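The numbers in my numbering rise by one with no breaks, and the one at position 115 of the sequence shown is 1483.
Everything labelled a hint here was simulated from the structure, so no lab data went into it.
Computed from a predicted structure; not experimentally measured.
For each label pair, taking beta carbons as the anchor points, the in silico distance ranges come out as:
| no. | residue 1 | residue 2 | range |
| --- | --- | --- | --- |
| 1 | Lys-1404 | Gly-1541 | 16 to 26 angstroms |
| 2 | Ala-1479 | Leu-1400 | 31 to 41 angstroms |
| 3 | Pro-1476 | Ala-1415 | 38 to 48 angstroms |
| 4 | Asp-1501 | Ile-1447 | 36 to 46 angstroms |
| 5 | Lys-1405 | Asn-1488 | 16 to 26 angstroms |
| 6 | Ser-1538 | Met-1369 | 15 to 25 angstroms |
| 7 | Ala-1479 | Pro-1401 | 31 to 41 angstroms |
| 8 | Asp-1448 | Lys-1470 | 20 to 30 angstroms |
Listed next, the in silico BS3-like pairs over lysine-lysine satisfying Cα-Cα at most 30 angstroms (straight line):
| no. | residue 1 | residue 2 |
| --- | --- | --- |
| 9 | Lys-1530 | Lys-1483 |
| 10 | Lys-1524 | Lys-1471 |
| 11 | Lys-1373 | Lys-1524 |
| 12 | Lys-1405 | Lys-1531 |
| 13 | Lys-1470 | Lys-1373 |
| 14 | Lys-1470 | Lys-1524 |
| 15 | Lys-1471 | Lys-1531 |
| 16 | Lys-1530 | Lys-1405 |
| 17 | Lys-1471 | Lys-1483 |
| 18 | Lys-1483 | Lys-1524 |
| 19 | Lys-1483 | Lys-1531 |
| 20 | Lys-1405 | Lys-1373 |
| 21 | Lys-1405 | Lys-1454 |
| 22 | Lys-1471 | Lys-1536 |
| 23 | Lys-1524 | Lys-1536 |
| 24 | Lys-1536 | Lys-1405 |
| 25 | Lys-1524 | Lys-1404 |
| 26 | Lys-1404 | Lys-1470 |
| 27 | Lys-1404 | Lys-1536 |
| 28 | Lys-1483 | Lys-1454 |
| 29 | Lys-1454 | Lys-1373 |
| 30 | Lys-1454 | Lys-1524 |
| 31 | Lys-1524 | Lys-1405 |
| 32 | Lys-1454 | Lys-1531 |
| 33 | Lys-1530 | Lys-1404 |
| 34 | Lys-1531 | Lys-1373 |
| 35 | Lys-1536 | Lys-1373 |
| 36 | Lys-1404 | Lys-1483 |
| 37 | Lys-1470 | Lys-1483 |
| 38 | Lys-1373 | Lys-1483 |
| 39 | Lys-1471 | Lys-1404 |
| 40 | Lys-1454 | Lys-1530 |
Think of the CB as a built atom: it goes at the ideal place given N, C-alpha and C, for glycine as much as any other residue.
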Amino acid sequence: MALAKITVSRIIRIVAADEECNFRIQSIIALLPLGKKTGWVRNLGMALGQGLWPAGQRYAEGRWGVNFGENANELDPNIDLSTGHKLSCDGIVLAVRDAVSKKLTAVPAVASVEKVSRSNGLAHAGLLLNTTDGGEYILDWWMSLDVENPYVFPFKPWDADKKETGIKYSDFGGFP
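Whole structure, please, built from the sequences with the hints as guidance.
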């Protein structure tokens, strides 16, 4: 039950080539030294842009094409298909799952992928990789907001909300 770096690399290439995944994942916030709190900071920015801060609304209108005149709740992550939902961990995982599922034959070590929600700790979703040897691993782009550098976790520690077990892809050497 191992996960090789080349396997994760193949999945990243699929995700990086997908326009919708790029829209949902990529963020300038990834340039800040925030570690695993990068997605949380973007969510905070969306909350501010939702109406608490007019400059935040102007930023959202320019960056994501949000029109607050038409939909005052466009950054609300609880409204399916809203921009806020697309940029949330749930929305990111749905786009990633769809992109990877279409090209799963390019990743022979992975039997299937699915969106899973954590059962412990803070509510969160990630992409579950079910490997052909029975392993279970999580790829988490929301934590990094960098399409080419998700966090990689063994499933059980991720599900137990043990964030310290995640490794950025750039530092990942594989799991034995």
